[in-house]
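With the hints as extra help, turn the sequences into a complete structure.
2 protein chains.
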Amino acid sequence: MRRDEIKTPALILDLDHLDRNIEIMTAWAKSAGVALRPHAKSHKSPDIARRLLKAGALGACCATIAEAEALAAAGITGLHITSPMTTTDMLARLHRLLARGADIMVVADDPRNVDALGKIALEAGRKLPVIVEIDVGTKRTGCVEIGDAVALAKSIAQNKALAFAGVQAYWGHLQQLMPFDERKARVALNMERMRKLIAALEGAGLPPRIITGSGTGTHWLDAQHEVFTELQAGSFVFLDSCYGPLPLSPDGNPFTTSLFVAAGVVTANRPDSVTVNAGFKALATDSGTPQPVRGIAQGASYRFMGDEHGVIDFDPGAPRPELGAVIELVTSHCDPTVNLHARYVVVRGDEVVDEWPILARGY
Amino acid sequence: MRRDEIKTPALILDLDHLDRNIEIMTAWAKSAGVALRPHAKSHKSPDIARRLLKAGALGACCATIAEAEALAAAGITGLHITSPMTTTDMLARLHRLLARGADIMVVADDPRNVDALGKIALEAGRKLPVIVEIDVGTKRTGCVEIGDAVALAKSIAQNKALAFAGVQAYWGHLQQLMPFDERKARVALNMERMRKLIAALEGAGLPPRIITGSGTGTHWLDAQHEVFTELQAGSFVFLDSCYGPLPLSPDGNPFTTSLFVAAGVVTANRPDSVTVNAGFKALATDSGTPQPVRGIAQGASYRFMGDEHGVIDFDPGAPRPELGAVIELVTSHCDPTVNLHARYVVVRGDEVVDEWPILARGY
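Read top to bottom, the protein sequences are chains C and F.
By this note's numbering, the letter at position 351 of the first sequence is numbered 351, and the numbering carries on one by one without gaps.
By this note's numbering, the letter at position 203 of the second sequence is numbered 203, and the numbering carries on one by one without gaps.
Warning: the hint list may mix true and false statements.
[Claimed, not checked] The calculated EDC-like cross-link candidates involving lysine to aspartate or glutamate, where the alpha carbons are at most 20 Å apart (straight line), are: (1) LYS139(F) x ASP272(C); (2) LYS139(C) x ASP315(F); (3) LYS30(C) x ASP19(C); (4) LYS119(F) x GLU322(C); (5) LYS139(F) x ASP19(C); (6) LYS119(F) x GLU5(C); (7) LYS7(F) x ASP89(C); (8) LYS184(C) x ASP251(C); (9) LYS154(F) x ASP115(F); (10) LYS7(C) x ASP251(C); (11) LYS54(C) x ASP16(C); (12) LYS196(C) x ASP251(C); (13) LYS7(C) x GLU351(C); (14) LYS139(F) x GLU69(C); (15) LYS160(F) x ASP89(F); (16) LYS54(C) x ASP354(C); (17) LYS7(C) x GLU23(F); (18) LYS139(C) x GLU5(F); (19) LYS54(F) x ASP16(F); (20) LYS7(C) x GLU192(F); (21) LYS139(C) x ASP89(F); (22) LYS119(C) x ASP315(F); (23) LYS7(F) x GLU69(C); (24) LYS139(F) x ASP313(C); (25) LYS7(F) x GLU355(F); (26) LYS139(C) x GLU355(F); (27) LYS7(C) x ASP315(C); (28) LYS119(C) x GLU69(F); (29) LYS119(C) x ASP89(C).
[What the hints assert, rightly or not] So these bits of chain F aren't anywhere near chain C, every CB distance computed over 12 Å: (30) ALA35; (31) THR82; (32) ARG100; (33) VAL144; (34) ARG209; (35) SER249; (36) VAL265; (37) GLY310; (38) ALA342.
Since the hints were derived computationally from the structure, they do not count as laboratory data.
No residue lacks a Cβ here, since even glycine has one placed at the ideal position from N, Cα and C.
Now the structure itself:
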């Protein structure tokens with residue numbers, strides 16, 4: 001099947017671009033001397049996680065217990081759940097994963113969570129590695145003070161069913177900060193705090209084996225400080241339009257967009273616009289509007305028009321696609337867009353070559 | 001299982017509130033002398049479509065071929081696809097539905113679409129009812145001029161495989177317009193245009209049997225004009241926070257919120273906030289922020305904090321939920337929120353009584 005004949009709306013994944021992005025990132029990490037455990041919250045796909053493992057990744061980060069379940073069931077090893085597991089349901093499901101032998105570690109940011117984690121690890125007969133998360137300005141999850149993080153590491157180390165495995169910090173609020181030098185300066189400040197935390201843990205006899213964090217926007221800057229032992233960057237596999245124009249190092253941005261949303265033209269009876277069948281239910285709305293690409297006239301722009309529709313406006317006189325034609329958009333935010341779809345339509349150039357289910361999507 | 005023990009994030013549907021909303025709407029429609037074909041784009045669930053049919057609805061409207069497939073497979077009759085079927089894929093799938101005997105009608109807004117529809121109806125050996133859509137200011141789909149709509153109706157009537165079934169108009173841009181009197185005035189203007197269209201069709205010997213449109217925000221106002229023969233309102237079953245405070249008639253708003261998103265507290269180590277596991281992937285972002293409800297301290301407010309997280313801020317000294325507790329939010333926009341979830345957790349009061357799959361979600 002050809003790329004422009006697929007059913008719409010659909011998520012298109014350009015395999016050549018994906019493979020190139022993976023190759024660039026893994027080659028860079030090797031040269032920088034840092035490991036990769038890319039975040040699966042972006043792709044939610046065992047197929048992509050497996051490709052990253054094959055290229056040298058340690059495993060996959062997961063944001064939710066559901067993602068960990070889907071990847072573990074597909075045989076992905078080296079799982080790390082980056083958000084605390086706290087509710088009765090999350091703990092019961094983590095227990096089942098441990099009892100089934102999943103290769104998994106978790107984070108904690110609260111001493112009340114340590115007992116609960118220890119209890120399920122003990123019941124599952126497994127020693128559970130726990131990473132202490134520290135908040136470095138995002139104000140979302142993580143211990144607030146360095147003293148809290150050290151006390152938490154101690155209580156984990158004292159629990160016979162748990163192993164203190166290291167520390168995590170994620171500066172989500174800095175990932176797309178511009179100008180680049182401001183991002184660089186803020187990363188340097190955060191690294192001072194990380195070094196203080198590490199020194200405090202070493203002083204307490206608990207040197208962290210794993211130091212994990214980072215994202216696509218700061219991976220290069222973070223690595224310059226040689227603090228993180230592994231990086232969680234995930235969006236680089238797709239490069240959405242938020243990351244597309246963003247400099248990631250003094251050399252710019254080496255990645256290429258691999259993810260597109262295909263939409264069909266449902267109305268073409270106005271001189272300066274067409275209506276397509278992709279709206280709030282096919283494209284994430286949290287980070288701006290998608291951009292029409294691939295054979296669309298220059299100057300064309302997309303507007304959301306409700307749950308199932310968008311309008312593409314054209315400059316006067318510009319050629320418009322025909323009624324029933326399939327067009328493509330670059331999404332502004334890859335993670336929640338992927339979450340709206342059940343599968344990737346995998347293409348090479350203009351040919352559809354495969355279909356990969358988004359097994360870890362939704363709840 | 002109790003409502004506060006479910007896995008999170010989850011979509012909770014309060015059955016008593018749902019049934020009450022259905023009862024209120026169907027009783028009103030009966031008294032107003034207008035039929036209901038509620039839009040399934042809101043609920044995407046054969047269980048809810050069946051409940052509406054049982055209460056007297058004619059059938060269900062669908063926004064996509066995928067919704068029509070899911071409802072037809074579940075035995076729902078009286079289907080109407082409210083957006084044009086134009087791509088090769090949509091037409092092939094419509095053909096399959098017709099060939100399998102689905103009870104379905106469609107819309108058109110372009111003469112180039114009539115031949116394609118006629119061809120698949122002929123091949124399926126079925127006469128396909130086609131509704132002509134007119135644009136009354138939304139500028140999304142629909143014929144632009146009354147003359148275009150009449151010409152289109154003629155070409156449908158002349159096609160032996162098609163039946164001209166009537167007209168459709170949807171004023172999505174007026175559904176939540178305030179003040180109420182402004183919405184009322186704009187509806188009255190649109191109805192003048194509808195009457196002109198109907199007169200023109202009658203003049204051409206093509207009186208429309210079905211006149212369909214409307215939504216939750218204008219259903220009462222629309223019905224006062226006695227133009228529509230049937231209404232497509234759908235969101236009333238849930239009443240999200242966009243519709244919640246909205247007056248729908250001079251008597252206010254008779255419906256009650258039945259849809260909630262449950263989230264678990266993952267971080268509770270700050271004095272004035274907690275972090276919960278529901279963000280862009282569990283709650284639609286297109287129409288504002290969700291509202292914490294049910295046992296949460298007054299003054300509490302939700303902030304999106306990325307793909308999987310939100311922060312709930314509290315007034316100083318206000319009681320906060322415990323780590324691991326399950327809280328509930330009212331979503332700002334029900335349709336795209338439902339689309340993020342795989343199932344409704346159906347409750348009566350504090351007890352979980354059922355689980356309904358959202359079979360027509362996603363693509």
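Structure-based check of each hint:
Restraint check for LYS139(F) and ASP272(C): the C-alpha separation of about 12 Å stays at or below 20 Å, so the hint holds. Between the alpha carbons of LYS139(C) and ASP315(F) the distance comes to roughly 17 Å, so the proposed pair stays at or under 20 Å and holds. Proposed proximity of LYS30(C) and ASP19(C) is supported: the alpha carbons are some 16 Å apart, at most 20 Å. For the hint pairing LYS119(F) with GLU322(C), the CA-to-CA distance comes to about 19 Å; that is within 20 Å, so the pair holds.
Our distance criterion of 20 Å between C-alpha atoms is broken by LYS139(F) and ASP19(C), whose separation comes to about 41 Å. Between LYS119(F) and GLU5(C) the alpha-carbon distance is near 19 Å, which keeps this suggested pair within the 20 Å criterion. For the hint pairing LYS7(F) with ASP89(C), the CA-to-CA distance comes to about 5 Å; that is within 20 Å, so the pair holds. The suggested pairing of LYS184(C) with ASP251(C) holds, with an alpha-carbon distance near 14 Å, which does not exceed 20 Å.
In summary, the hint linking LYS154(F) to ASP115(F) is supported, as the alpha carbons are separated by about 13 Å, within the 20 Å threshold. For the suggested pair LYS7(C) and ASP251(C), the alpha carbons sit about 39 Å apart, so the restraint of at most 20 Å is broken. The hinted pair formed by LYS54(C) and ASP16(C) meets the criterion: a straight-line CA distance of about 16 Å does not exceed 20 Å. Our distance criterion of 20 Å between C-alpha atoms is broken by LYS196(C) and ASP251(C), whose separation comes to about 30 Å.
Our distance criterion of 20 Å between C-alpha atoms is met by LYS7(C) and GLU351(C), whose separation comes to about 14 Å. Among the hinted pairs, LYS139(F) with GLU69(C) is inconsistent with the structure: their alpha-carbon atoms are about 44 Å apart, more than 20 Å. For the proposed pair LYS160(F) and ASP89(F), the alpha carbon gap of about 23 Å is over 20 Å, so the pair is violated. For the suggested pair LYS54(C) and ASP354(C), the alpha carbons sit about 19 Å apart, so the restraint of at most 20 Å is met.
The suggested pairing of LYS7(C) with GLU23(F) is violated, with an alpha-carbon distance near 38 Å, which exceeds 20 Å. As the CA atoms of LYS139(C) and GLU5(F) are separated by approximately 27 Å, the hinted pair breaks the 20 Å bound. With a C-alpha separation of about 16 Å, the suggested pairing of LYS54(F) with ASP16(F) holds against the 20 Å cut-off. Distance check on the hinted pair: LYS7(C) and GLU192(F) sit about 38 Å apart at the alpha-carbon level, beyond 20 Å; violated.
Taking the CA atoms of LYS139(C) and ASP89(F), the gap is about 46 Å. The hint is violated against a cut of 20 Å. With a C-alpha separation of about 34 Å, the suggested pairing of LYS119(C) with ASP315(F) is violated against the 20 Å cut-off. Taking the CA atoms of LYS7(F) and GLU69(C), the gap is near 14 Å; set against the 20 Å cutoff, the hint holds. Our distance criterion of 20 Å between C-alpha atoms is met by LYS139(F) and ASP313(C), whose separation comes to about 12 Å.
A C-alpha spacing of about 12 Å is found between LYS7(F) and GLU355(F), which places the hinted pair at or below 20 Å, so the restraint holds. Our distance criterion of 20 Å between C-alpha atoms is broken by LYS139(C) and GLU355(F), whose separation comes to about 35 Å. Between LYS7(C) and ASP315(C), the direct Cα distance comes to roughly 28 Å. Violation of the 20 Å bound is thereby established for this hinted pair. Using a Cα cut-off of 20 Å, the hinted pair LYS119(C) and GLU69(F) is violated, with the two alpha carbons roughly 47 Å apart.
For the hint linking LYS119(C) to ASP89(C), the alpha-carbon distance of about 14 Å falls within 20 Å, and the restraint holds. The beta carbon of ALA35(F) sits about 23 Å from the closest Cβ of chain C, which is more than 12 Å, so the claim that it is off the interface holds. At roughly 9 Å, the least C-beta separation between THR82(F) and chain C is not larger than 12 Å, which violates its mark as non-interface. Distance to chain C confirms ARG100(F) as a non-interface residue, since its nearest Cβ pair spans about 18 Å, more than 12 Å.
Consistency note on VAL144(F): stated as away from chain C, yet its beta-carbon is not over 12 Å from all of that chain's, at 6 Å minimum. ARG209(F), annotated as away from the interface, keeps every beta carbon of chain C farther than 12 Å; the closest lies near 24 Å. The claim that SER249(F) lies off the interface holds: its Cβ sits roughly 24 Å from the closest Cβ of chain C, which is beyond the 12 Å cut-off. In this structure VAL265(F) is not separated from chain C by more than 12 Å, as the shortest Cβ-Cβ distance comes to only about 6 Å.
Its beta-carbon lying about 9 Å from the closest one in chain C, GLY310(F) breaks the requirement of being farther than 12 Å from that chain. Some Cβ of chain C comes within 12 Å of the Cβ of ALA342(F); the nearest lies about 5 Å off, and the non-interface call is violated.
Hints 5, 10, 12, 14, 15, 17, 18, 20, 21, 22, 26, 27, 28, 31, 33, 36, 37 and 38 from the list above are not met by this structure, while the remaining hints are.
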